[in-house]
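Residues per chain are reported as follows:
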Amino acid sequence: AQSVTQPDIHITVSEGASLELRCNYSYGATPYLFWYVQSPGQGLQLLLKYFSGDTLVQGIKGFEAEFKRSQSSFNLRKPSVHWSDAAEYFCAVEGGGADGLTFGKGTHLIIQP
Amino acid sequence: KAGVTQTPRYLIKTRGQQVTLSCSPISGHRSVSWYQQTPGQGLQFLFEYFSETQRNKGNFPGRFSGRQFSNSRSEMNVSTLELGDSALYLCASSFQGEGTEAFFGQGTRLTVV
Chain A
38 AQSVTQPDIH ITVSEGASLE LRCNYSYGAT PYLFWYVQSP GQGLQLLLKY FSGDTLVQGI
98 KGFEAEFKRS QSSFNLRKPS VHWSDAAEYF CAVEGGGADG LTFGKGTHLI IQP
Chain B
198 KAGVTQTPRY LIKTRGQQVT LSCSPISGHR SVSWYQQTPG QGLQFLFEYF SETQRNKGNF
258 PGRFSGRQFS NSRSEMNVST LELGDSALYL CASSFQGEGT EAFFGQGTRL TVV
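In the order they appear, the protein sequences are chains A and B.
Count along the first sequence from 1, add 37, and you get the number used in our numbering.
Count along the second sequence from 1, add 197, and you get the number used in our numbering.
By construction, these hints were calculated from the structure, which means they are not laboratory data.
Beta carbons are placed, not taken as given, at the ideal position from N, Cα and C, and that holds for glycine.
Treat the hints with care, since some could be wrong.
[Said to hold, decoys possible] Here are the simulated DSS-like pairs of lysine-lysine, each with C-alpha atoms no more than 30 Å apart in a straight line: (1) A/Lys86 to B/Lys254; (2) A/Lys142 to A/Lys105; (3) B/Lys254 to A/Lys142; (4) A/Lys98 to A/Lys142; (5) A/Lys142 to A/Lys86; (6) A/Lys142 to B/Lys210.
[As the list claims (entries may be wrong)] Simulated coverage check for chain A against chain B, where a stretch passes if three residues somewhere in it have a Cβ under 8 Å from a Cβ of chain B: (7) 82-95; (8) 140-149.
[To be verified] Among the chain A residues that face chain B by a calculated CB cut under 10 Å, a handful are: (9) Tyr69; (10) Phe71; (11) Tyr73; (12) Gln75; (13) Gln79; (14) Phe127; (15) Gly132; (16) Asp136; (17) Gly137.
Turn these sequences into a full structure, and let the hints guide you.
Given below as structure tokens:
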């Protein structure tokens with residue numbers, strides 16, 4: 038079965054600093070990969086997705102992610118964070134047609150002024 | 198265009214009761230998936246409906262069921278509620294399921310007392 042690991046439960050970053058959130062997945066083939074963001078009490082908003090092709094994908098709100106097959110990783114990056122980026126971030130994988138989206142446990146992002 | 202709409206937003210039920218949650222997908226989307234989110238287990242896939250048929254099912258007991266109507270609206274039902282069913286239930290719609298972007302509603306917060 039596929040799985041997703043987000044090794045960082047909490048990350049604190051100063052406003053204006055760069056950000057990288059880690060995501061590793063376990064899957065037999067190349068999966069579909071996603072990053073979602075969730076604000077308190079809200080649903081999930083899709084930041085970006087990787088289906089195939091260029092391994093560096095651009096998303097909304099200035100986020101990007103890079104798919105590295107050799108490392109089974111799909112890390113999310115942003116060059117300069119804003120206070121409004123404080124939220125919970127989820128990496129997800131999909132593939133094989135059986136299990137829907139499989140999510141990581143999430144990374145809680147805290148922005149310091 | 199309108200997003201995914203879930204009703205109600207909040208619900209309080211007593212143990213042993215049953216509950217029905219509703220999800221209206223984005224117009225034109227034929228796939229509706231349901232997820233349960235809890236602090237302990239994170240986001241877990243319940244089931245997916247496509248063109249009124251359950252296409253995939255997660256690892257949940259038979260107390261959790263769903264259906265989809267001809268207009269793609271979906272309902273999920275939980276019978277004989279347990280305290281552990283307290284969670285945020287999220288609905289996601291996509292054009293055709295796997296390999297297409299899933300858009301989430303804001304969720305229904307179910308509290309079982």
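How the hints compare with the structure:
This hinted pair checks out: A/Lys86 and B/Lys254 have alpha carbons roughly 23 Å apart, not beyond 30 Å. About 20 Å separates the Cα atoms of A/Lys142 and A/Lys105, which keeps this hinted pair within 30 Å; it holds. Annotation: proposed proximity of B/Lys254 to A/Lys142 holds, straight-line Cα distance about 20 Å (limit 30 Å). Note on A/Lys98 and A/Lys142: the hinted pairing holds, with a Cα-Cα distance of about 22 Å set against a maximum of 30 Å.
Under the criterion of a C-alpha separation no larger than 30 Å, the hint pairing A/Lys142 with A/Lys86 is consistent with the structure, at around 18 Å. A distance of roughly 27 Å separates the Cα atoms of A/Lys142 and B/Lys210; the hinted pair therefore holds under the 30 Å criterion. Proximity of the segment 82-95 of chain A to chain B, defined as three or more residues with a beta carbon under 8 Å from a beta carbon of that chain, is established by the 4 residues found. With a threshold of 8 Å between beta carbons, the proposed coverage of the segment 140-149 of chain A by chain B holds, since 4 of its residues qualify and at least three are required.
Interface restraint check: A/Tyr69 against chain B, minimum CB-CB distance 6 Å, threshold 10 Å, status holds. Proximity of A/Phe71 to chain B holds as hinted, the smallest CB-CB distance being about 8 Å (cut-off 10 Å). With its C-beta approaching chain B no nearer than about 8 Å, A/Tyr73 sits inside the 10 Å limit, and its interface hint holds. With a cut of 10 Å, the hint placing A/Gln75 at the interface with chain B holds, because the nearest CB-to-CB distance is about 9 Å.
A least Cβ separation of about 6 Å between A/Gln79 and chain B falls short of the 10 Å threshold, and the interface hint therefore holds. Below 10 Å, beta-carbon pairs count as interface contacts, and A/Phe127 has one with chain B at about 7 Å; its hint therefore holds. The restraint placing A/Gly132 at the interface with chain B holds, with a minimum CB-CB distance near 7 Å, inside the 10 Å limit. Checking A/Asp136 against chain B by beta carbon gives a least distance of about 6 Å; that is within 10 Å, so the hint holds.
Here the hint on A/Gly137 is kept, as its CB sits about 4 Å from the closest CB of chain B, short of 10 Å.
This entry satisfies every hint, going by the numbered hints stated previously.
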